[in-house]
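Heads up: the sequence lines are chains A, B and C, in that order. Taking full-length UniProt numbering, the leading residue of the first sequence gets 1, the next gets one more, and so forth. Taking full-length UniProt numbering, the leading residue of the second sequence gets 1, the next gets one more, and so forth. Taking full-length UniProt numbering, the leading residue of the third sequence gets 1, the next gets one more, and so forth.
Between beta-carbon pairs, the in silico distance windows are:
1. B:Tyr-176 / A:Ile-28: 39 to 49 Å
2. A:Ile-167 / B:Arg-230: 51 to 61 Å
3. C:Asp-140 / B:Gly-191: 47 to 57 Å
4. A:Ala-341 / C:Ser-236: 39 to 49 Å
5. A:Val-309 / C:Trp-379: 48 to 58 Å
6. A:Gly-287 / B:Trp-106: 46 to 56 Å
7. A:Glu-349 / B:Ser-359: 53 to 63 Å
8. C:Asp-348 / A:Thr-130: 26 to 36 Å
9. C:His-118 / A:Lys-7: 52 to 62 Å
10. B:Ala-400 / A:His-285: 37 to 47 Å
11. B:Leu-227 / A:Thr-130: 31 to 41 Å
Derived from the structure by calculation, the hints contain no laboratory data. Where is the CB? At the ideal position from N, CA and C, for every residue including glycine.
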Amino acid sequence: MGHLRGKLLPPALAIVFSMLLCGVALVISGANPLSAFGAMVTQVGKGSTLVDIVNSTGIYYIAALAVAIGFQMNLFNIGVEGQYRVAAVIAAVVGGSIALPPGIHTLVIIVVAALAGAAWAAIPAILKVTRGVNEVISTIMMNGLAIGLSAYLIRRDVFGELRGNNIRTAEIPESGWMPGISFGGGGTMFGFIFVAIALGVGYWVMMNKTRFGFELRASGESSTAASAGGVNAKKMVLVSMLLSGAIAGLISLPELLGRDHTFSLNFTAGIGFSGIAIALLGRNHPGGIAFGALLWAFLDKSGLALDNVGVPREIVTIMQGSIVLSVVVAYEVVRRFELAAEQRRVGRELGTVGGAA
Amino acid sequence: MITTMEEKPHVPAAPRKRKIPGWAVGVLGVAGAIVLLSTTSYMTGFPQLTSSGTTQTAVRLALPILLAGLGGLWAERAGVVNIGLEGMMIMGTWGAAWAGYQWGPWAAVVAAVVFGALGGLLHAIATVTFGVNHIVSGVAINLLGAGLTKYLSTLIFLPLSNNPRQSPPVTPFDTYSAAGFADWLGELEAGQRVFISDVAGILRGLVTGVSPLTMLAILLLPLSYYLLWRTRFGLRLRSVGENPHAADSLGVKVYFHKYVAVIVSGGLAGLGGAALVLNPGQLSYLEGQTGGRGYIGLAAMIFGNWRPGGLLGGAALFGYADGLQLRSGGETVLGLVYGVVILLGVIVVWQLVRRKWFSAAAAIVVAVLLYLLYVSLDEIPSEFVSYAPHMVTLAVLAVASQRLRMPAADGLVYRRG
Amino acid sequence: MSSSTSARTDDPPAVVLTGITKRFPGVVANSDVHLTVRRGEVHALCGENGAGKSTLMKILYGMQPPDEGTIEVNGEQVRFRTPSDAIKAGIGMVHQHFMLADNLTVQENVVLGAEALHGIGQKARKRIIELSGKTGLNVDPGVLVEQLGVADRQRVEILKVLYRGAKVIILDEPTAVLVPQEVNELFDTVRGMQEQGYTFLFISHKLDEVRAIADSVTVIRRGTTVGSADPKTVSSRQLAEMMVGSELPSPETRESTVTDKVVLDVRGLKLMTPDGSRPILDDVDLVVRSGEVVGIAGVEGNGQTELVETVMGMRKAGSGTITLLDADLTKLGTLARREAGIGYVPEDRHRHGLLLTQPLWYNRILGYQTRKPTSKGIWLDTDGAKKDTERIVADFDVRTPGIDVPAAALSGGNQQKLVVGRELSGDPKLLIASHPTRGVDVGAQALIWDEIKRARAAGLAVLLISADLDELIGLSDTIKVMLRGRLVADADPNTVTPEDLGSAMTGAGATSASVQETGTAHGTAVVEEGAN
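Just chain A, same shape as in the assembly (with noise of 0.2 Å):
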């Protein structure tokens, strides 16, 4: 009982701490925070508030995961951001410019993205394996240069069209499309949602059932304890890293696959820096991050029900990044008070009356 409540107890004070900590913002800038709750609670059952949750949760779910690889073996891929970005541009293009059956046209499109995602993620895992290149600094650049590379590809001299006051890359013909669960006014459920799930319990499985679960772990946990274990330092950051990225690269595909069917200057950014946070709420753990890309989900859908009280929705943003903040924090002091709890039950156990460890 005690392992579940060191899991659960640090998210809910962090959530909690942030609720008061946003109230009281909300309080000396004048305005009702109860209100602004309930606004934000009642807007979930309005129009197509709650449909769109669930979208963005899935959406929310997958750069979690990509992120949560990385995490696992203490490989920080900030790059998530930009590699989704570039995998979407790719994705867009190649798909709007070949014509397949419907079904393996959608299924082409997956795989490019998969396959970008992973080659922009290739980059600085090879600098980190070859020169020892840290993947923070180097992947931090890789998302400059994603959008250096997305606003090249979608120039109208190169793959872009202009449609009013936007560019964008060719639309996707309906056979690469993937159909949506439709609920009328309630909106439509993006079909991509399934492979999101799935995508959950194979981490899950890959992560406590596999070989490769096993190494990723102990190179997280001890990167030199796993090199003696015959762990392979250099495989592992390649092949967790290339992961990662071939999973970012499906960050967009809901989106359009399901709605925009084209790239262009209104995609929807810093969905991997979400994921960052998502990742770190949940614990890079399955069930949490599903929980953890609900509540984003949540913050970000319902947050637009502030405006109609008076109480700017940005305020949801402050709360996102001091649940973050709270969230390692308490995680933090949990692990440090387990573990002594149990160096002293293990003391209790054996009767250790002297004889230091």
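Position chains B and C relative to chain A; hints supplied.
Positioned in the frame of chain A, the structure of chains B and C alone reads:
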């Protein structure tokens, strides 16, 4: 920041080679850079490469990078990796705009430092007191900084500027120029004489339109060096970044020094934000204004091998590339590619002399590729030009990261006991 | 201070510890400890690993506050919150694991924290050079510490203490990293300083050394002081009984089980520094046969660690071949080498042997993730791992409440027994044991020695690296001496003495018939190389 895959062997090191003093390296570097630029400018026919306008813009653009890098230097010398510089810088920009439109530029500077330092304090609490992973905390602070400023802008700036993403205009600093000297340099520059005009152009850019903030920032560099390397406080601070257990065993207050370092780090990043807001071309807070300059500052510090002199070089390089593109666009930047080819040529000769065949061969290949790029393109696409610092950083890290030496306990969580 | 050249009874004692108790989660490290150190004496504190010596000294040095008890210095009760308080009271400590910043100079390391005395500039430098003579340190204060050898680093540690004007100096296991000759030099320094009025607290579990240097001895056992003795009259055996309640275990092996079946054959092994400037391993040839223990002696930092890691495939050799039985391992990775039949007890179990926050059974999989009983193909076999962990816990007497506790919760000795048990599973052909009993209690030490002997008798080949020369001489069938990356001499463990080995290890040349030089390497001062 940089970890190499292999552990360092525990074998006594060989006697150190003859050391060239740091200032000499600096002088040689500056001279080399000027020769290179003036040669490139002559060969490619782009006088803009060394024009005073370019230099002046470069200085303005290098300023935020330099300050962020200094912030990184302070934190990392005390063993705390500060990826949160970007977030602290964002907070600095907001603070500068908020105080600046009401009470003028000096208030903007003070508020920026305070806002940045608050971000630093948060990072210190998370990493030092609670032992949170430095990268994790930094990322969280970046998210928080962006969220906080968005909220505050909507709350406070929207009613004034009718734009939730922009503040009302800020009063700028008066700028100063060394009038007579600059005019004389202007004549020289206009003379279009090889080398002399180039040097004159660069110098003129450095002494024209200088704001107090520029002077402050440039003063902060030697000041940081002095504090960190020549005082007892600095020795203690650096010892905390090298071996906190040893420092603790000698009565050095490890947590205190880490706190001070990270708070100063945040303050410097915030000042970098003020440099953006008070830039004559902009003069207000804009959402997304920092554009990753906090990260670039960090990269400049790594580029400079965790030393102030090297950091200055990195910031100057990145600022220059940025300034060149802003002033004269993609085709001039292509001229810079030509300059890199020349530089690689020099490196090839040097490596051949040292009989490092592999490095020489690699340099030749890269040089040929870049030269082909130079002749086949008319200009560097503008979409990429702004990311020149990113590419340079990746290239430098790929070539040199094994030779860089970060503080030994950088990024490690320290707990007493 | 020249008046107090010897222990005087009318002065208040230099240090008195009364009723010191210190608890950590799960253990009581010190309970009701009493210790009196007279001024001007060398007082030895004796106890086995894990008895609580280091904790006690950390308390005296202000690094940890005691839960109960009082400290008196020169007759006055004091309360230390930080090491600065202890330093102010005239106490200095030379730590077992050197507390030096490699990337700072000797001068910076020395003045750190004591800048108020002579600043950080020329005055400080002059003072350091003045004091260097006392410690036998002969390097420029501007040299980076990373360029110093082990013995010089220790001298810098002593210098740090002197620079602060300490009168009571704690030496925490100072001889652990030194060869016998260096130990003698250290003792000369200690005696010289004792004559000038310094008081020493000498922490050790090496009884011969204690008897050689100490004026009085206090014994600590299971966290509490159990008595004191006069080192002039007490025998090592009596001391041992006070320390552990019985005779100390001996590594001595009886009859030889060496066969002529070659198990490990290393030829011409070379390894360069990452920058390619110097060799770390230089043309190493090594053969280990079935039933044989080959011991490698060497001063720390002469390439033993790298030799092991190269044989394990954790470092990539520049040239040379490694053969195990008939399999060529040269091009294989660590995992493949383990699968070929190498068990590996690393020198640092925390860094290389265990996943500390993971349960014991999860640790059982490490290194065996491709083999039965812990895996099946690409899938883990958690049930198999758990069952086999139960077996190790029972067979190797790992004291734990269960196999689900994290490895970090166990004591050092029990962690090491788990590692040794794991590495002897799966029927290895070769065991590489680096410092297998470092920092473990005598019970675990005896068990580990017995297991190594049993496996050897069953035909296992063992490559043993140890800084404990008694262990090395006792367990080995053949001893090879490593110096500057080369195997420079062979020694016969039946006849060689620790002193002979020590000479060979520092390159002072073979002084005994039982040590025979092999290579062409010769030369004198080794460790001090690079420190001009």
